[in-house]
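**Q** Residue numbers (my numbering), protein chains in the order written: chain F, 172 to 460; chain P, 66 to 339.
Possibly wrong hints are sitting among the right ones.
Unchecked claim - Using C-beta positions, here's what the derived DEER-type ranges look like: (1) F:Leu-187 with P:Lys-71: 54 to 60 Å; (2) P:Pro-252 with F:Ala-227: 33 to 39 Å; (3) P:Leu-255 with F:Val-191: 28 to 34 Å.
Claimed, not checked - Per the computed footprint, the stretches of chain F lying under chain P, defined by three or more beta-carbons under 8 Å from a beta-carbon of chain P, are: (4) 196 to 206; (5) 229 to 238; (6) 270 to 282.
In case anyone wonders, no lab produced these hints; they're calculated from the structure.
Keep in mind the model is a prediction, meaning the values are calculated, not measured.
We treat Cβ as the ideally placed atom computed from N, Cα and C, and that holds for glycine.
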Amino acid sequence: MQNRFLPYLLTLPSLLLAAVVIFWPVWDLIQISTHDVNRFGQLRELNDFANFSALAADPDFIAALWRTGQWTVLVVGGALLLSIPVAMILNTDFYGRGIARVIIMLPWAVSLTMTAVVWRWALSGESGMLNSALIGLGLIDHNIQWLASAETAFPMQVLIGILVTVPFTTTIFLGGLSSIPDDLYEAAALEGATPLQQFREITFPLLKPFINIAIVLNTIYVFNSFPIIWVMTQGGPANSTDILVTHLYKLAFRIGKLGEASAVSLVMFAILLVFTMIYVRLAMREQRA
Amino acid sequence: MRSKLKRTIIAWLLLAPLIAVTIFPFAVMFLTAVKPRQEVLSPTWWPSEFRWSNFSDMWVATGFGQALLNSLYVSVIATVGAILISVPAAYAMSRFRFAGYGALRQFLLISQMISPIVLVLGLFRLMAAWGLVESTTALGFIYMAFNVAFTVWMLQSYFDTIPRDLEEAAWMEGAGRWLTLRKVFLPLCLPAIAVTAIFTFINAWNEFVVALTMLRSQESYTLPIQVFSLVAGRYTIEWHHVMAATLLATLPVAVLFIWLQRYLVRGLALGAVK
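The shape of chain F in the complex, shown without the other chains (with noise of 0.2 Å):
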């Protein structure tokens, strides 16, 4: 009779903990966004979706939602078309490949709102040592504002956001790849196979499952990505680097809107659990294969 009820008393914490931090400011959201608010955020009649249709009409959330696509898109295609050689190379025996190992994931390692700070120096228009870098290789003449304008600024951050990218999906092919065995290749190289063939008919359609969770995977998270925009132009110069995530928080903590930015948050919430639901999919059709 204890045993039947000890596995649901054994759970309980966990699932309540979970649960409140997700469905408690969940309902919040809610309330606010269909609620009037005033700046203290008291709730006062419900408002007709005004907030959403708001959003709707708001150029700045227009930018950013356009952005976070570009974004999203730009660094987890970026990461992966990476990463499948890298993975590949580091999958090869050869001398020093623990410590190509190590090196390739250390951006991992370390915090984003870290690495954003030393990019934002590295990246900085007079004394930068990027610029004093680039010039020393001869590939500049002049010191270039990175961060000053939108068409430097949002180019860097996304190839920082591929950068800090590039481990976890390294990471996880290399998985792929060691579950795919040796005598593929080898009685492909007997038959004649092209190293491109083997890549096109071996490689590629055996690393397809870990693609499809590393996409989804990457996607969530770069989605929700903060630190890196945030700490080196905090969306600016003039909002031109904004994504929803960095708009979301001007809304709620710089310009007060709560109500709008309530609906950003469930917006978001709302696209996130549609990659989710792909990634459980995909995650549970692995598990019964």
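Chain F is already provided as a structure; the job is to place chain P on it using the hints.
**A** For chain P alone, coordinates are given in the frame of chain F:
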């Protein structure tokens, strides 16, 4: 033998650009941290001398010690709490069959994916309503709650790999569930629990957005917020102090992470691709 040498050269050549870009920020961080103050703003790479006293100057000037203590306090609460709560849950999910198991597992998987940034406004209002803004203790509890899904998931993946035979043998000998748990199961799980705890610790140590929102005065800042506050909205930034602080805040955790990284991947992989 010769072919391995050839492979080595090709591999390092191909990886060289990525490695250069990866090491670049670390070089910047280190070299700026040891530069004498008057050289920081000049665009030379190598300092004329290594000014190690920057670190002790920085420690005093930026209130690093207080932020370090805050970070430790918050991360320890998060880690100890999350482990205490999730070990029983992971044990139940690994060793019992019960209705709702699949739903629970899906719920944990989904809630791992919900990032605090989306909920930060709601969390802030919740904490404000309870008068807990500025409280590092409350921050520790928020981190704990956000990490529980991850720790249960990781722990269950490991627990599932521990064969039941040992426990069953102990039952045969007449040991009760509790005794078996204490004498047989938990000792076997200790490494897994340690690894999971360390990852929770690192998560809490590195967290930015919730801390940025909840902590409003310098006495309560954790390290990431402290370092950020040295940079954000200031006219003169003491970059050599900032880089010294970044280096000190990063190094211990980075070493731990690099050392344990493969366990994380194995745990996640065991959970997702079993």
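**Q** Which hint numbers doesn't this structure obey?
**A** The structure breaks hints 2, 5; every other hint is satisfied.
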